[in-house]
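There are 2 protein chains.
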Amino acid sequence: MKLYTSAASPFARKVIVAALELGLGDQLVLETAGVSPVGSNPALAAHNPLGKIPTLLLEDGRALFDSRVIVDFLDSLTARRLVPADGPERWAILTEQALADGLMDAALLARYESALRPPEFLWKDWLEGQMTKIHRGLDHLETAPRNTGPDVTLADIAVACVLGYLDYRFADEDWRSSRPRLAAFYAEFSSRPSWLASRPDA
Amino acid sequence: MKLYTSAASPFARKVIVAALELGLGDQLVLETAGVSPVGSNPALAAHNPLGKIPTLLLEDGRALFDSRVIVDFLDSLTARRLVPADGPERWAILTEQALADGLMDAALLARYESALRPPEFLWKDWLEGQMTKIHRGLDHLETAPRNTGPDVTLADIAVACVLGYLDYRFADEDWRSSRPRLAAFYAEFSSRPSWLASRPDA
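Protein chains in written order, with the working numbering: chain A, 6 to 207; chain B, 6 to 207.
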């Protein structure tokens, strides 16, 4: 299976970490694809009209996207499950993933606003709106239990990917000092082989 | 169950149409929530730190979001399934939903750029980038089979919600003339009771 990816993307990292945690790492061939909301990548767009990564290309030519769909598919391939098939735990984990994905979206929109958009078109209210979501979301996650053992769930992986992205692109954001539990979780999660193998600078 | 919603949101409409198609309409109490990427709604943010609709509040106080998670939950409550539990069809439908959701995201970002952002901060390249995704995505959907009978899937519902939102907010976009199959699908889908009951102006 070929995974269109990019080293900086937190959504792509979520897929790669999930694949490694499921023991499927050797089945993924990674292909770096340059993407931008203001540019086009015809090779990628042929498989995913949104022109976004991650996109998974199966051996039979089918393309799966986005990150949630790819992880749902990978999760069906092994006995180990990152999301239970049913029960209240399923929707709790999926909602936490949705929260983490929403924070990644907010962080990407903030990044586009401050680093991609020409500075004369920057709208401060928009940037602040996205950062408010991030702060409020992290405060919420600070109160939630996390796993760092062999039983990590998709929610743990997604939360780690948000925090890793903030460290990578928003190094001035001190998200740790008022959120000690999240900081402890991230410190421990960061030693996982799946995490080390998927570092943006790896 | 209480669904925080907004008449204009294509994501909220997806949830409402899905609930009606599943026969769960009478279990949903709709509560309109004003939201904006540059403003805050404390009542909603208490349940969803992203401050986004749709958000579903269960009787026991748990909150589920976003639209995909809510539909996944609703789909588990009845024998009728909008997404099969496994098999290739599952990931084909989920990928089409992801495409439709991506088009809704692009349309919302285009709408924010042209109607919410102060005009002096409008960046033409951004707006064009989002509209390109929409056109390319619709061209892709034009080639895909659709259902309009009792066997509609979540993909059909999501695609209808994109098209309905384009008609509602981008009335100048003539998406039909070069996409006759999509136009025929939408015309037929538009007569469904679930569609009529969830009209933005209903």
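Certain hints may be false.
[To be verified] Residues of chain B clear of chain A, computed beta-carbon distances all greater than 10 Å:
id, residue
1, M6
2, L29
3, S45
4, N53
5, D91
6, E133
7, Q135
8, H145
9, P155
10, D206
[Stated by the list, open to error] On the chain B side, residues computed to face chain A include the following (Cβ under 10 Å):
id, residue
11, L33
12, R141
13, W180
[As the list claims (entries may be wrong)] With beta-carbon atoms standing in for the labels, derived distance ranges:
id, chain 1, residue 1, chain 2, residue 2, range
14, A, A176, B, A120, 26 to 36 Å
15, B, S81, A, E147, 27 to 37 Å
16, B, N46, A, T148, 41 to 51 Å
17, B, S195, A, F175, 43 to 53 Å
18, A, E36, B, V34, 22 to 32 Å
19, B, A120, A, A120, 18 to 28 Å
20, A, G44, B, T83, 20 to 30 Å
What the hints contain is simulated information worked out from the structure, not anything from laboratory work. For each residue, glycine too, the CB sits at the ideal point set by N, CA and C.
Against the structure, the hints come out as follows:
A cut-off of 10 Å between C-beta atoms confirms that M6/B is not in contact with chain A; the least separation is 12 Å. For L29/B, the requirement that its beta carbon stay farther than 10 Å from each beta carbon of chain A is met, with the minimum near 15 Å. Listed as outside the interface, S45/B is inconsistent with that label: its C-beta sits roughly 7 Å from the nearest C-beta of chain A, within the 10 Å cut-off. Some Cβ of chain A comes within 10 Å of the Cβ of N53/B; the nearest lies about 8 Å off, and the non-interface call is violated.
At roughly 6 Å, the least C-beta separation between D91/B and chain A is not larger than 10 Å, which violates its mark as non-interface. A beta-carbon of chain A comes within 10 Å of the beta-carbon of E133/B; the shortest separation is about 8 Å. Non-interface call for Q135/B relative to chain A: violated, since the shortest CB-CB distance, roughly 7 Å, does not exceed 10 Å. Taking the minimum C-beta to C-beta distance to chain A, about 4 Å, the non-interface status of H145/B is violated against the 10 Å cut.
Residue-level check passed: P155/B sits 25 Å from the nearest beta carbon of chain A, beyond 10 Å. No beta-carbon of chain A is positioned within 10 Å of the beta-carbon of D206/B; the least distance is around 28 Å. For L33/B, the interface hint is violated, the least distance from its beta-carbon to any beta-carbon of chain A being 16 Å, above 10 Å. Annotation: interface hint on R141/B holds; nearest CB of chain A at approximately 4 Å, less than 10 Å.
Here the hint on W180/B is broken, as its CB sits about 14 Å from the closest CB of chain A, past 10 Å. About 34 Å separates the C-beta atoms of A176/A and A120/B, a value consistent with the hinted range of 26 to 36 Å. In this structure the hint that S81/B and E147/A lie 27 to 37 Å apart at CB holds, the actual value being about 29 Å. Take N46/B and T148/A: their Cβ atoms lie about 20 Å apart, and the range 41 to 51 Å is violated.
Between S195/B and F175/A the CB atoms are about 44 Å apart, so this pair conforms to the stated range of 43 to 53 Å. Checking the proposed 22 to 32 Å range against E36/A and V34/B shows it is violated: the Cβ atoms sit about 47 Å from each other. Distance hint check: the CB atoms of A120/B and A120/A are about 24 Å apart, consistent with the given range 18 to 28 Å. Judged by the Cβ atoms, the range 20 to 30 Å given for G44/A and T83/B is violated: they are separated by roughly 44 Å.
The structure shown violates the earlier hints numbered 3, 4, 5, 6, 7, 8, 11, 13, 16, 18 and 20.
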